[in-house]
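Taken in order, these protein sequences are the chains called Z and B. Residue 1 is where the first sequence starts when you use my numbering, and the numbers rise one by one after that. Residue 1 is where the second sequence starts when you use my numbering, and the numbers rise one by one after that.
For the record, the hints were derived by calculation from the structure and aren't laboratory data. Each statement offered as a hint is correct.
Result set (EDC-like, lysine to aspartate or glutamate): computed pairs, CA atoms no more than 16 Å apart in a straight line:
hint	chain 1	residue 1	chain 2	residue 2
1	B	K353	Z	D8
2	Z	K5	Z	E22
3	B	K301	Z	D44
4	B	K413	Z	E24
5	Z	K67	B	E235
6	Z	K17	B	E351
Quick caveat: nothing in here was measured; it's all calculated off a predicted structure.
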Amino acid sequence: MITKKDVDHVAELARLKLTDAETEEFTQELGGILGYIDEMDQADTADMEIVSQITGLSNVTRVDEVKNKSDRENLLANAPAQKNGAILVKKVFE
Amino acid sequence: MNLNELTIKVASEKLKDNKISSVELTEACFTQIEKNDKDINAFISTLKDEAMEMAKASDVRRAKGESLSQIDGVPIAVKDNMCMTGTKTTAASKILENFTAPYDATVIIKLKNAGAVIIGKTNLDEFAMGSSTENSYFGVTKNPSDLSRVAGGSSGGSAAAVASDMCIAALGSDTGGSIRQPASFCGVVGFKPTYGTVSRYGLLAMASSLDQIGPFTKTAEDAEILFDIIKGYDEKDSTSVDTSKTSTLKPKTLNLIKIGVPKEYFAEGLDPEVKKVIEAKIDELKEMGAQIKEISLANSKYALACYYVLMPVEVASNLGRYDGIKYGFSADGENLLDVYKNSRSDGFGAEVKRRIILGTYTSSSGYIDQYYNKAQKVRSLIEDDFKKAFEEVDFILGPVVPTTAFKIGEKSKDPLSMYLSDIYTIAVNLAGLPAASVPAGNIDGLPVGLHIIGPQLSDLNLLNLAKICESQKGDEDGIQGA
Chain Z
1 MITKKDVDHV
11 AELARLKLTD
21 AETEEFTQEL
31 GGILGYIDEM
41 DQADTADMEI
51 VSQITGLSNV
61 TRVDEVKNKS
71 DRENLLANAP
81 AQKNGAILVK
91 KVFE
Chain B
1 MNLNELTIKV
11 ASEKLKDNKI
21 SSVELTEACF
31 TQIEKNDKDI
41 NAFISTLKDE
51 AMEMAKASDV
61 RRAKGESLSQ
71 IDGVPIAVKD
81 NMCMTGTKTT
91 AASKILENFT
101 APYDATVIIK
111 LKNAGAVIIG
121 KTNLDEFAMG
131 SSTENSYFGV
141 TKNPSDLSRV
151 AGGSSGGSAA
161 AVASDMCIAA
171 LGSDTGGSIR
181 QPASFCGVVG
191 FKPTYGTVSR
201 YGLLAMASSL
211 DQIGPFTKTA
221 EDAEILFDII
231 KGYDEKDSTS
241 VDTSKTSTLK
251 PKTLNLIKIG
261 VPKEYFAEGL
271 DPEVKKVIEA
281 KIDELKEMGA
291 QIKEISLANS
301 KYALACYYVL
311 MPVEVASNLG
321 RYDGIKYGFS
331 ADGENLLDVY
341 KNSRSDGFGA
351 EVKRRIILGT
361 YTSSSGYIDQ
371 YYNKAQKVRS
381 LIEDDFKKAF
391 EEVDFILGPV
401 VPTTAFKIGE
411 KSKDPLSMYL
421 SDIYTIAVNL
431 AGLPAASVPA
441 GNIDGLPVGL
451 HIIGPQLSDL
461 NLLNLAKICE
471 SQKGDEDGIQ
481 GA
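Use the sequences and the hints to build the structure in full.
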């Protein structure tokens with residue numbers, strides 16, 4: 001079953017910071033949910049293929065040309081920090 | 001009758017005959033909002049100034065004989081997970097509390113091009129995750145039938161707004177039942193179209209292979225009118241389908257319609273009073289000439305488990321974009337990684353985090369085969385169940401929810417018991433089918449919805465059947481539980 005260590009590991013992967021109380025709570029709740037999910041093991045899927053979607057569509061493409069001329073100012077309006085027309089972020093590399 | 005109590009059909013006729021103006025109609029809705037929304041909390045934001053401008057413009061167009069559509073001038077509310085330029089689009093989350101959408105969702109463009117008056121953005125469970133609207137950052141939406149009970153979720157705000165006549169109609173979204181369940185709880189019509197028939201461009205994505213936008217209305221006829229406006233192939237949505245096929249199935253008269261009643265939907269877990277209401281509706285149809293047949297959807301018991309693997313995986317992926325960098329709530333940190341973690345941890349509510357963790361776990365190396373790949377195969381099984389059923393019957397009927405609206409707080413401590421309220425609605429999204437909830441009766445004043453499911457692209461025929469099945473408002477002595 002899912003352990004606190006699993007929850008902490010997965011939270012790190014998902015870029016979430018959990019308090020000890022949250023880790024404890026989620027470990028219990030997810031344990032219960034995964035227990036319910038385990039019922040799926042009884043389903044006979046031996047002959048079934050993995051299906052990602054039900055429309056049957058595939059390779060939906062369009063011509064690579066710019067259609068939306070979005071204005072930079074409008075798009076940057078929601079950015080928490082900007083500089084010289086670009087979004088300002090903390091350094092990515094050491 | 002007050003103007004805000006009208007249907008789209010009647011309001012549009014009165015507008016056309018110049019008996020009322022869009023300004024009067026819109027004002028009536030805002031009067032109702034100002035009177036009742038402090039108690040119900042259906043709206044996150046109202047757009048009174050913009051709406052009155054739209055209403056005036058509609059009246060001017062009408063005077064020149066230039067109305068744009070049947071819904072020109074009709075006040076519509078929109079669930080706050082659809083982008084509308086210049087308005088706050090929050091997904092009922094702290095992480096988007098101050099996000100102003102820089103573009104319109106395709107459905108918004110369609111509403112605007114049809115001349116609709118968009119009056120506000122309605123409340124929902126955060127990022128559409130929930131079945132009660134209790135997970136909203138902006139507080140729960142109360143059920144207009146009983147303020148101590150939930151309106152349902154995740155589109156609780158839209159359902160409550162229509163049920164309490166704060167608008168003539170509304171849009172919601174449905175990933176596992178989020179239109180149909182609140183429609184059932186609030187006593188209105190809620191329709192989830194065939195997957196792909198309504199563009200998801202501009203809908204804040206929750207689970208991309210399951211999400212679909214649909215109408216909340218007072219009648220099935222209104223749902224048909226609104227569906228016609230919002231449907232259509234959209235090249236901006238790569239999962240969009242050609243909707244002209246929804247019109248080609250020839251409608252049958254009731255005595256030629258075969259209705260399937262799945263035995264799995266009437267088993268343990270269904271409230272006996274709800275069962276009576278649904279069975280009475282089915283008997284009514286039988287008396288009107290429909291052929292009723294018991295069918296089996298053998299893999300129904302795996303639908304909820306399948307959904308609660310697939311949906312959180314897609315959620316974990318879709319919500320990765322909320323990182324405090326390009327838009328939305330941003331918390332500071334010592335380095336980039338801390339900015340991500342602080343922003344997301346502070347910005348997301350508990351249910352959102354729960355599902356992100358669940359989805360990350362079940363798709364991670366070592367577990368992906370046991371959970372995610374297995375669920376994708378089970379999805380195929382469920383789709384096949386319906387395909388086989390629709391070879392024998394034209395539509396499937398059953399309850400929407402096992403119970404009527406539960407009390408606020410009743411299920412919020414136990415996530416799994418909350419998830420179980422979607423047990424009948426969920427398989428429909430997995431199979432991409434159209435389905436509607438229509439009012440079927442009341443139990444002690446609490447509404448009960450009838451679930452109608454059809455094969456893919458049978459949307460218009462389904463809505464025709466819905467028109468026959470729906471109980472009229474004020475018809476409470478028609479079908480009632482004890």
